[in-house]
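J.: Spelled out from the first residue to the last, the chains are:
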Amino acid sequence: MEKKENKVIIELQNVHKYYYMGHSIVKAVDGVSLKIKEGDFVAIMGASGSGKSTMLNLVGSLDVPTKGTILLDGEDISELSESDLSQIRGKKIGFIFQSFNLINNLTAKENVMIPMIFQGHDSEERSFRANKLMDLVELSDRMHHSPNELSGGQQQRVAIARSLANSPEVILADEPTGNLDSKTGATVMDFLKDLNKKGKTIVMVTHDIKLVKDYPDIVYWLKDGKIEKITKKTVKRRTQ
Amino acid sequence: MIKDFFSLALKNLKSRGIRSWLTLLGIFIGITAVVSLISLGNGLQLAVASQMGLASNELITVQAGGITGYGPPGSTVVEPITKGDARAIERLSSVEIAVRQNIKSAKVEFNDVVNFRYVGSVSNKEEERDLMQTRANAGPIMGKLVGENDFGKVTLGYNFYDKSEEWGGEAIIPGDTILINDERFEVIGIREKVGSLISDNAVSMLEEDMEDLFEYGNIADLIIVKPKSEDLMDKTKADIEKLLRQRRGVKEGEENFEVSTPESALATINSVLEGVQIFILIVASISIFIGLIGIINTMTTSVMERKKEIGITKSVGARNEHIFSQFFIESSLLGLIGGLAGAIFGTFIGFAGTYGINNLLGTELVPNIDFVLIFLTLLGSFLIGGIAGIIPAMKAAKQNPVEALRG
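So the protein sequences, as listed, match chains V and H.
Under my numbering, think of the first position of the first sequence as 1, with each following residue one higher.
Under my numbering, think of the first position of the second sequence as 1001, with each following residue one higher.
Extracted from the complex, chain H is given alone in its bound form (with noise of 0.2 Å):
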């Protein structure tokens, strides 16, 4: 017999106007922002991640004052760290390199445009630039990177090459001459693509010229670390930090520097995503709430619309429970399709932000199609449906045989 409601209930369904339709707008928009938010999976994460530059797994970072937030690390920081510390940093037991890095910001002229652009250093010796190229994760894409002794020589992120219309619609290649902050540098090289916006954009140069350039001593922005094997990540880490604090004077907890690694980096992405997840997932329980209102509402019209079709199950032996079935079943129904909908629209979201992604970053992530999770996003809109259909539906099933005959 249930059978029999379900197969009555989606011709009803059928002959609904568009004001049933729109009302499961709430359910709709819940359930999309629910299985993009699955879809799009570790894509989010990755995004993120790459943006920051994180895609070594195996180096450790010191700044001071921790993240600032605005403007490139080490910029805005009193005390700064030097490379002093860089040296002392190598000295422990537990590291094998330690290279300092500078990244500043600096006035970039090309054919006649001046762009504010930011630099990074590069060491002049072998394995520190290989540590910082692993850093990178960036190989060059035309010409070479900046290698031992190539004084008043540059190679710029892909951007330069790419956006030509930033340099007034000529693409920088190696070969060409820009200015920083007003000095004559040799571009002899760009690097390949990597998605992240700073990375992309910078310049990178030796660290002597940089410091002949900027000016700024024995300050280091970054040091960059590589522990003597990945499994001692967190002993250095703790070495590190020992360290700093005797060199710096500062006690523990009171630390203005910060060492992180990359899985501390991941852990404060991830809060960051976590808080997005959870704010986009308030706004879906919200819209969801108000699909539930919205399904009452029509539900509740339907039964004052159909008082006569009840009067006639009735009449002709309709029990109750077999009325309150009836608007049930069509309600969870209702529920299922707005879910349905937003499932089918969520999994196409998660697939174009995927693809956006991918091509942003030039990874190859796969959108994640949780089946099971789908399965219980529907479950969960027929059962939104239900609920919204009880009141409805015993409504319907009270309505007097006489009365509901009258329309």
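In isolation and in its complexed conformation, chain V is listed as follows (with noise of 0.2 Å):
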């Protein structure tokens, strides 16, 4: 696919996010600049206590920083209110996490249903999209069932397909695969992979080597609440 020059989603400057605890002061994201362009794909790698959770927070807009700026897509997420600010994290990034965060009151296609309703869109429409999306994960078969009654696996891609619904512009993945066996992660991992492929961006949050070779192309050490360094992968994707 051609591409002009990749327009920025998401940008971190200078961003510092703290946390007291009593008397001290802890934190958990000190100084942190970064720029996310269209159709990367990222991993915020870090041990636990590195302040990736925090750092995925921010990014996904969740969290305002203590200091620094965020911009999404260009806006200070700091000017909006919190309910703009959700509205448009609906729109513009899709959420997949550790736990799955599905809905066991509602079944499989229900949740993938859940961000339309925020957006507006009317129930023809997001019944239509759910079964696109059921199928893209290929859970079609399962689309009726509870969460509950699903593999972990397969609550993961009820995930990936609930963070597709308003076709976001990235994909935020909390350390996707943690609670899955490695082969089931694999699959999960495969499809974000082709995801990115087909120009999604996707940022992904790990403790995880393993996934970190194999997938990403920019990879951002993180350490203390400081990147400690920044990897690329030498084949750029998007040249091809």
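Fair warning: there could be bad hints in the mix.
[Stated by the list, open to error] Some chain H residues well away from chain V (every beta-carbon gap over 10 Å; in silico):
no., residue
1, A1088
2, I1278
3, V1316
[Stated by the list, open to error] One-sided and incomplete, this derived list gives chain H residues near chain V with beta-carbon spacing under 8 Å:
no., residue
4, S1315
5, G1317
6, E1321
7, H1322
[Claimed, not checked] Derived pair list, reagent style DSS-like, types lysine-lysine, alpha-carbon separation capped at 27 Å:
no., chain 1, residue 1, chain 2, residue 2
8, H, K1308, H, K1398
9, H, K1237, V, K91
10, H, K1228, H, K1242
11, V, K210, V, K223
12, V, K67, H, K1228
13, H, K1237, H, K1125
14, H, K1011, V, K91
15, V, K132, H, K1003
16, V, K223, V, K67
17, V, K67, V, K229
18, H, K1398, V, K27
19, H, K1398, V, K91
20, V, K35, V, K233
21, V, K7, V, K183
22, V, K210, V, K37
23, V, K132, H, K1011
24, V, K91, H, K1125
25, H, K1308, V, K91
26, H, K1235, V, K91
27, V, K27, H, K1308
28, V, K193, V, K223
For the record, the hints were derived by calculation from the structure and aren't laboratory data.
All values derive from a computational prediction rather than experimental measurement.
Built from N, CA and C at the ideal position, the CB exists for glycine as well.
Two chains, two frames, a set of hints: combine them into the complex.
T.: This is the structure in structure tokens:
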């Protein structure tokens, strides 16, 4: 596929996030700057306690920084109301969580339809898109099952379908394979890789070195809330 | 989008545990009380009215001292009304007939069983008797009523025949002999059931017999007055009051007697019933209030339990007002369900109660099913649910997505 100069979707400019615990300050993220461009497959890598969960929340604009600026599609998220931010997030970012985070009262298909409700799509459109997405993650036959009745890998595929519900520009994955065995984990990763090939931007947070070797183009190595190093794959996929 | 929140709320309610439903008990009881009160409607009024013997609406009754509450009318009065009063009343231009009636309590013996019963007098004059029967509104079901010169004979209320267990297992029928205050009387008839515990348990005999038996002389427990015209009811009442004030030497406002028209008696009943209804409504309001607190409680718990779900929906784009709507609607529906159950059960009580009244009184009342009012109670319970949901829903909406996702 052809692309002109890839636009920046998410930009962090000298971002800090502090937590106050009693009298001490925890600098979970301490002066990070990065740009995530359209079509990238980015990994944020770090041990537990390195601040990567906080990073994910910031990159996904679930959280606002203590200091510094985060631009989502050129817009400063700290200038948006919580509701407006949520709405924009629902449209531009799809989330995949380690613990799947599906709603058990609802069927798999209904879970996929939820994000579309908040963007005001009508029920016919929602159903049509959800069917297509369930088909994409090869779970058409499990559409009407409750998440409880699905295996971990299947649940994560439902979560992938949900993250794609509003055709977001970015998919944010937090330890997407953390709760899966290596084989199902690989299937899930293949889905992500596939999506990336189709042009979706993927940001993945993980502590799994194996995943980092195979899939992402750019890896930010996080330590004590700071970026320690950045590694890039030599072959740029977008020049293909 | 609201429609989607309704279907989401229904799905969430379906997966709720019994704890949530138990908190609806308050709303349920409150709405049940309101709806059953409405559907019983005038059945309640009719039941009380017939207990007080108000079947006829064209007669005025006069008695001394007002309603005493206990014992037969007049029995506990200091200055009684007399036969002379009755004659004087009859001479009024607005009055057609005035009849005295006495009601006493007596020892009644049959089949070696003794019970205490009321005995009411019947006039020996035909037109007066007719008037009394109009008032009693009960024809004979067996035998005949006490008539002209039926000395030594009695007619009995329905329960003498029906409740044989009160008489050693033997039903009293015409032809039997009973002892009243140790005097022998022949039973010549049984009256049909009227549903009043007093009338159905009363003995009727001629005034002359009663005078002999109880030796009360000229006293009248009750004077039954028929005005010349029903339209003259109020004027007749005023005339009688004026006359009796003169005869008894009392000033206006200090009457030691009472002249009651059916309307004034009904007004008394209504004010008593109103009191009962107000009491029930207060109880209903209290239980609805408790229900409100219950819903607040269960919704607050639900917000805590579903923190993660709130986090998820926020991360996939829900605005605060979306979260608020979702919990608000769920709470409203919870109230509505409690109200619906209450309305159904209340209607059922209305039907059962009306059936009971019909059975007891032989009336043919129809339960008063007022759909507008039922709709309003349902709307009310929906709103109560909503009000209860406001604070928990605000709490849900304000959740920080990051913290909520942590669960």
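J.: Are the hints correct? Go through all of them and say.
T.: Okay, the hints, checked on the actual structure:
1. A1088: holds, 83 Å
2. I1278: holds, 43 Å
3. V1316: For H/V1316, whose nearest Cβ neighbour in chain V is about 4 Å away, the distance does not exceed 10 Å, so it is violated.
4. S1315: holds, 5 Å
5. G1317: holds, 1 Å
6. E1321: holds, 7 Å
7. H1322: OK, holds: H/H1322 within 8 Å of chain V, min 6 Å.
8. H/K1308 <-> H/K1398: holds, 13 Å
9. H/K1237 <-> V/K91: violated, 83 Å
10. H/K1228 <-> H/K1242: Satisfied, since the Cα-Cα distance of roughly 18 Å is no more than 27 Å.
11. V/K210 <-> V/K223: Answer holds: V/K210 to V/K223 is near 18 Å, not above 27 Å.
12. V/K67 <-> H/K1228: Judged against 27 Å, a Cα distance of about 99 Å means the pair is violated.
13. H/K1237 <-> H/K1125: holds, 24 Å
14. H/K1011 <-> V/K91: holds, 25 Å
15. V/K132 <-> H/K1003: holds, 23 Å
16. V/K223 <-> V/K67: Status holds; Cα separation ~19 Å.
17. V/K67 <-> V/K229: holds, 22 Å
18. H/K1398 <-> V/K27: Since the Cα atoms of H/K1398 and V/K27 sit roughly 25 Å apart, the hinted pair holds (cutoff 27 Å).
19. H/K1398 <-> V/K91: The given pair, whose Cα atoms are some 21 Å apart, holds under the 27 Å limit.
20. V/K35 <-> V/K233: It holds: about 16 Å lies between the C-alpha atoms, which stays within 27 Å.
21. V/K7 <-> V/K183: Distance ~34 Å between V/K7 and V/K183 Cα, so the pair is violated.
22. V/K210 <-> V/K37: Given that 27 Å is the threshold and the Cα spacing comes to 23 Å, the pair holds.
23. V/K132 <-> H/K1011: Between V/K132 and H/K1011 the Cα gap is close to 24 Å, so the pair holds against 27 Å.
24. V/K91 <-> H/K1125: violated, 97 Å
25. H/K1308 <-> V/K91: holds, 20 Å
26. H/K1235 <-> V/K91: violated, 83 Å
27. V/K27 <-> H/K1308: holds, 25 Å
28. V/K193 <-> V/K223: Roughly 26 Å between the alpha carbons, so the hint for V/K193 and V/K223 holds.
Checked against the numbered hints above, the structure breaks hints 3, 9, 12, 21, 24, 26 and satisfies the rest.
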